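**Q** Protein chains in written order, with our numbering: chain A, 1 to 195; chain B, 196 to 488.
Warning: the hint list may mix true and false statements.
Simulated coverage check for chain B against chain A, where a stretch passes if three residues somewhere in it have a Cβ under 8 Å from a Cβ of chain A [said to hold, decoys possible]:
id, stretch
1, 197-203
2, 212-218
3, 247-257
4, 364-370
5, 399-413
Quick list of in silico lysine-lysine cross-link-like pairs, DSS-like style, CA-CA up to 30 Å [claimed, not checked]:
id, chain 1, residue 1, chain 2, residue 2
6, B, K394, B, K226
7, B, K381, A, K31
8, B, K360, B, K373
9, B, K394, A, K26
10, B, K381, B, K394
11, B, K373, A, K31
12, B, K248, B, K440
13, A, K32, A, K154
14, B, K226, A, K32
15, A, K154, A, K26
16, B, K463, A, K31
17, A, K31, B, K470
18, B, K360, B, K381
19, B, K248, B, K394
20, A, K32, B, K381
21, A, K32, B, K463
22, B, K226, B, K381
23, B, K470, B, K460
24, A, K32, B, K460
Derived by calculation from the structure, the hints in this document are not laboratory data.
The structure displayed is predicted, hence computed values, not measured ones.
Think of the CB as a built atom: it goes at the ideal place given N, C-alpha and C, for glycine as much as any other residue.
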Amino acid sequence: MTTVGVLGLQGAVREHFRSIEAGGAKAVVVKKAEQLSTIDGLIIPGGESTTMRRLIDVYGLMEPLRHFAASGKPIFGTCAGLILLAGEIVGYDEPHLGVMDVVVERNSFGRQKESFETDLSIKGIEGDPFTAVFIRAPHIVSAGPETEVLATYKDRIVLARHGQFLGCSFHPELTDDHRLTEYFISMVKSAGVTA
Amino acid sequence: MNTGTDRVKRGMAEMQKGGVIMDVVNAEQAKLAEAAGAVAVMALERVPSDIRKEGGVARMADLRIVEEVMSAVSIPVMAKARIGHITEARVLESMGVDYIDESEVLTPADEEFHLLKSDFTVPFVCGCRDLGEAARRIGEGTAMLRTKGEPGTGNIVEAVRHIRKVNAQVRRVVNMSKDELMTEAKILGAPFELLLEIKELGRLPVVNFAAGGVATPADAALMMELGADGVFVGSGIFKSDNPEKFARAIVEATTHYQDYELIAKVSKELGTAMKGMEISSLSLEDRMQERGW
Chain A
1 MTTVGVLGLQ GAVREHFRSI EAGGAKAVVV KKAEQLSTID GLIIPGGEST TMRRLIDVYG
61 LMEPLRHFAA SGKPIFGTCA GLILLAGEIV GYDEPHLGVM DVVVERNSFG RQKESFETDL
121 SIKGIEGDPF TAVFIRAPHI VSAGPETEVL ATYKDRIVLA RHGQFLGCSF HPELTDDHRL
181 TEYFISMVKS AGVTA
Chain B
196 MNTGTDRVKR GMAEMQKGGV IMDVVNAEQA KLAEAAGAVA VMALERVPSD IRKEGGVARM
256 ADLRIVEEVM SAVSIPVMAK ARIGHITEAR VLESMGVDYI DESEVLTPAD EEFHLLKSDF
316 TVPFVCGCRD LGEAARRIGE GTAMLRTKGE PGTGNIVEAV RHIRKVNAQV RRVVNMSKDE
376 LMTEAKILGA PFELLLEIKE LGRLPVVNFA AGGVATPADA ALMMELGADG VFVGSGIFKS
436 DNPEKFARAI VEATTHYQDY ELIAKVSKEL GTAMKGMEIS SLSLEDRMQE RGW
């Protein structure tokens, strides 16, 4: 069975669990480096990116996560997770994992009172529009040549894929629509790099 | 495009789970909290232990402090409004504060009614001691709960009492049959529909953090062990000997609350925690947890 890990340092871990299980895969929480060898794909959830980064450093997870990314296993970053994946962050000298060829800007839709939900159409996801919840969300300012833009909102890129990396500004885990998580699970299955 | 929906407001609190929210009184403390890994800061004029010491009416913070903290950090900034003080809350909302705590730590403005929090775009957090209080606040529109504990005492006993009570009452509701819920709603003073929702979800529909008396990394880990979704630390950090080490240690103990060797490691060489107070030494009027209706 396909196993998808959720980086469980801080943030919306439980919601992703529900979504992964609804998509027919096994969900496990990843708090320590050795657990990475037991999973086929990884979700980095929403939360506070500065907090997650500090905990990644404290627990020596940076190198193991980069190694995991280099192994070809897929990673899906939502909101704070997208910031952790991005190759460049506006206003910062250094990225975090820096594996996905996108430039992101933090809190780019404003503070919490400007947070919102809206319906998006997503390339590769058929049927009804996808309700996306944006909370103090980042957005993708620019995407590299090998990065495919999958959704935009008011001319801003909010979902993109670069090879085995998928990143979005919003929180698919906060609704009962599991299609984007299913999309990621199918990426994990077709990557064929099993644990 | 919709702002201020339940999903957006409650979702914001979901993103704080497993984290520590720290009380700060200036930009310097806010930066220290952010660097230590806090998921948010609460901008205040005085921490609860100083409010206790100095007495007088405790109001919304000096707005220059709130503004200073908001421009100092990129993590969310919360601020406190007095219970029932519609205008303080609206002013904080207009400034772009990310979350408002309708807080019993401040002197209540209304001794009968709380804010109708569903009217606001900004989300709220409220204190609770039992499921009745929790459910009334959710009914008014709070998007996040916290235990009341007894703020500014450095004594965890009340926060433990409150989280145990709420969780025991949630378990009881989940295990009741539906035809028993109306009478339970009457006993608790809770909206019936909310008890139905709790029964169906198997848990509260919003996150519940621990607050009011967390003074050490072990206190923070204990509250996580008892089922809190995260921790507020008020006077505990900046009233300790070494705030920077203390803040980092509390963050790590909260993430890995069952890793006792790690808690031992981070707890060593912290210096002295804030001096605690025995709850029974407080008169009923001095107990902040009695505020709220």
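**Q** Looking at the structure, which of the earlier hints fail to hold?
**A** Violated hints (numbers, rising): 3, 4, 5, 6, 7, 11, 13, 15, 17, 19, 20 and 22; every other hint is consistent with the structure.
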